[in-house]
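Here is what each chain is made of, one letter per residue.
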Amino acid sequence: MSTPAATTHAQPGALALRCLNLHRYLGQGEGRVHVLKGVSFEAHCGRVYAIVGPSGCGKSTLLYLLGLLDQPDQGEIEINGNIMSNSDDAARTAARGAHIGFVFQFHFLMLEFTALENVMMPMRKLGRLASDEMKARAHALLDSVGLGAKTHRLATQLSGGEQQRVAIARALANQPTILLADEPTGNLDVKNSGVVFDLLTRLAKEQGQAVVLVTHNPEIAQRCDFTRPMRDGVFV
Amino acid sequence: MISPNFRIALRFLTAKKRAMIMSLSCIVLGVGLFIVTQATTAGFELFFTKTILGINGAIRIEDRIQDTMRSMAAAGSTDSYFAQREGVKYIEGVEEPQRIAEVVRQFTNVRGISAVVSGQVQIQSSFKTENAQVFGINLEDHLRVSDLAEQITSGTLDDFRASPRGVLIGRVLADRLQLSRGDSIVVSLRGQSRRMRIAAIYETGYREVDKVNVYLHMGEARSLLKKPSGATFLQVGEHDASRAPADAYHIEQVLRHKATPWQEREKTWLAVFRALRISTAITVTVFTLIASLAMFNTLAMIVLEKTKDIAILRSMGYERRDITRIFLWQAAIVLAIGSALGALFGGVVTWLVEQVPLPINGIFKTDHFIVHRDVNHYIAAIATAVAMVMIASLIPARRAARFEPGDIVRGTAQ
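Taken in sequence, the protein lines are chains A and B. Just so we're aligned, residue 0 is where the first sequence starts under numbering that gives the first Met the number 0, counting upward by one. Just so we're aligned, residue 0 is where the second sequence starts under numbering that gives the first Met the number 0, counting upward by one.
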């Protein structure tokens, strides 16, 4: 498998992501729960971080906050040196498009589109590349995840493992500095879990991205550069 | 280059094919039926207008106005004034038709002027006697302000020209008196009788006219009605009859003669046609309303079905306004297809309706449905559909944009 030419500006070891004293409450009224209780965390380019812990401990909530999909009730989030925790929706959206790639547990591919179109989707929005360049990059990314022969298949015509590989290619499409993965292997069998994890870490390391993944799988966690266990809304 | 939002919208359309086709069908029906109903109601209205313009012209100038308006200072020491209108006095007829005609001809919109003398008479045939209204005309003048030449159904105008005692009689009156071209009649007024000959029979389709109006040569009418000078009224033909009210107003101001535009003369019928057009438009707009509700429903379903896609798009940098646009594009695409098909459907059905036999004789004469094709009907139909469907689509589109991606992936989106 060939890797697409990486032109990311991320310097290995540079600080990509930092959060300080994050608090997050979910629910309302009597059902309001203090999910994150002052979490601080850093991620550096070229490193792979695993956040582990029991269900409901707040690891996915932390990931969504780091990915600017949600806003903290208190605390600070810094992406590539820019404090984003208090920024408006437009700025957070732009930062997501330019700096952050997501991989979700349930793949979340857009089913009416082919693998190629799914990978091109973030590039089209960002608009950095010409149409031909986008297509070439999407082909290269799909080649690199072993799906070069299935670029024109609809998402519905791919297996779970293949869909997750497309999701990885899509997450890398805009050459983000940060890759966030929420249980990326949680819905896959053991063989596919290994394949997907290897891909994720190899491609990210090659391109110098900071990878933060949430997982329940201890084997996966052990293979990461850093493991941060969480319990009841705090790192332990 | 196709925008990413449009590309996504195009593909999302296939998500709810059956519901989309239903929305599309409603738009096609709404636009199409709007066009058909407007074409038919406008068709009959315009045909009626053409008929009455062909009979009575655009403006009728009649009695002279003797103005009694006076202004006077209000009592007391104030500077204020008030105008008191004691009433307008009319002096019957047009005393100097030639002079009036010369002035009226200076209006650029005026096509022709015909002086007419008129009065009540009795027409007697060998079969029976009927009341009638005679109109003394100078034929060539009158042809410029009416469609009399096209209304002749038996005989010719040349027969009338060649016969000083010739008359033009309406089809209904001729049938009542059992008269044909060339038959003799006796025209009586105040004990005076004259024998005349039917030169031609006309039919306007307006029953009240065809039953009563009889045209004579001006000289013969003056002699019969004992009106050696002046005219009962002047009939004015215009190039653009829609400007008749403004022209009539100016004529009245300048000449101090009562000038009545056709819109005022026929305001009762015109109001009926207008009401008919509005009521059919309201009825047909219900189809468009249903189309907008169908589109609302379809988009609301797609929004619910596509929450994860919305989260994905938001996570990869698509803004709230992109999400709104994606859903509005879907409505716009269906609207564009629906409007085009609706316009085609409306055009075809209008043509089919035109072929339907429908004999009408009363306020005009026709043997088939009358339609009027007007690009404005198409524009109005499409504009109505666009306004209603886009407003209805805005609600689900904005709702989709309000979703927080974090809530969706967590599964707590409302």
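Hints are computed from structural coordinates only; laboratory data are not their basis. One or more hints might be untrue.
Derived contacts from chain B toward chain A, CB cut-off under 10 Å, selection only [as the list claims (entries may be wrong)]:
id : residue
1  : Arg6
2  : Leu254
3  : Asp308
Rough simulated footprint, nothing fancy, chain A against chain B, three-plus residues with beta-carbon under 8 Å [stated by the list, open to error]:
id : region
4  : 107-118
5  : 154-160
Ideal Cβ positions, reconstructed from N, Cα and C, are used throughout, including at glycine.
For each hint, the structure was consulted:
1. Of the supplied interface hints, the one on B:Arg6 holds, with its beta-carbon coming within about 7 Å of a beta-carbon of chain A, less than 10 Å.
2. With 10 Å as the threshold, the beta carbon of B:Leu254 stays out of range of chain A, its nearest partner Cβ sitting at about 69 Å, so the hint is violated.
3. Annotation: B:Asp308 was flagged as interfacial toward chain A, and the flag holds, the nearest CB pair being 5 Å apart, inside 10 Å.
4. Judged by the Cβ-Cβ criterion of 8 Å, the region 107-118 of chain B is not covered by chain A as claimed, because only 0 of its residues qualify and three are needed.
5. With 0 residues having a beta carbon nearer than 8 Å to a beta carbon of chain A, the region 154-160 of chain B misses the requirement of three or more and the stated coverage is violated.
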